[in-house]
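The sequence shown begins at 200 in my numbering and counts up by one.
A few of these clues could be false.
No more than 30 Å apart at the CA atoms, straight line, and that leaves these computed lysine-lysine pairs for DSBU-like [stated by the list, open to error]: (1) Lys212 to Lys251; (2) Lys256 to Lys221; (3) Lys290 to Lys251; (4) Lys221 to Lys278; (5) Lys212 to Lys256; (6) Lys290 to Lys248; (7) Lys212 to Lys290; (8) Lys212 to Lys278; (9) Lys251 to Lys221; (10) Lys256 to Lys278.
Just so you know, these hints were derived from the structure itself, not from any lab. None of these values were measured; they are calculated from a predicted model.
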Amino acid sequence: MEMLARVTIRGAKYFVGNIDGKDMDSAAIFVDVDLRGETASGVCTNEVKVEKSEIVKSILHTPMPFVAEVTMIQTTNGKSGGDRSLVTSIKPIALESKSAKGA
200 MEMLARVTIR GAKYFVGNID GKDMDSAAIF VDVDLRGETA SGVCTNEVKV
250 EKSEIVKSIL HTPMPFVAEV TMIQTTNGKS GGDRSLVTSI KPIALESKSA
300 KGA
């Protein structure tokens, strides 16, 4: 299933190289996620995989944190904990306002 989401991106990383003879191209972004539950409150950062390093490279010039519109594909293997989200595009929308940052 493909979906569109508006997220706050706090960080990003990528790796392109060769490990043990296997070519690698991996990337991830770190986004705000609300904590939920009776004994939890606030926001934490969650790592979300990105399809290709080129997608992350295209946003590294943008000062972080920033708000972005991301397209994601969500898949599952049908088992508990088998859900997987993969970002296929990132479109920066706005820098996060200073008043929204943590103290």
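The hints, checked one at a time:
1. Among the hinted pairs, Lys212 with Lys251 is consistent with the structure: their alpha-carbon atoms are about 11 Å apart, no more than 30 Å.
2. Distance hint between Lys256 and Lys221 is fulfilled; the C-alpha atoms sit about 21 Å from each other, no more than 30 Å.
3. For the proposed pair Lys290 and Lys251, the alpha carbon gap of about 15 Å is at most 30 Å, so the pair holds.
4. At roughly 29 Å between alpha-carbon atoms, Lys221 and Lys278 fall within 30 Å of each other, so this suggested pair holds.
5. This hinted pair checks out: Lys212 and Lys256 have alpha carbons roughly 9 Å apart, not beyond 30 Å.
6. Taking the CA atoms of Lys290 and Lys248, the gap is near 16 Å; set against the 30 Å cutoff, the hint holds.
7. For the hint linking Lys212 to Lys290, the alpha-carbon distance of about 16 Å falls within 30 Å, and the restraint holds.
8. Restraint check: the Cα-Cα separation between Lys212 and Lys278 comes to about 29 Å, which is no more than 30 Å; the hinted pair holds.
9. For the suggested pair Lys251 and Lys221, the alpha carbons sit about 16 Å apart, so the restraint of at most 30 Å is met.
10. About 33 Å separates the Cα atoms of Lys256 and Lys278, which puts this hinted pair outside 30 Å; it is violated.
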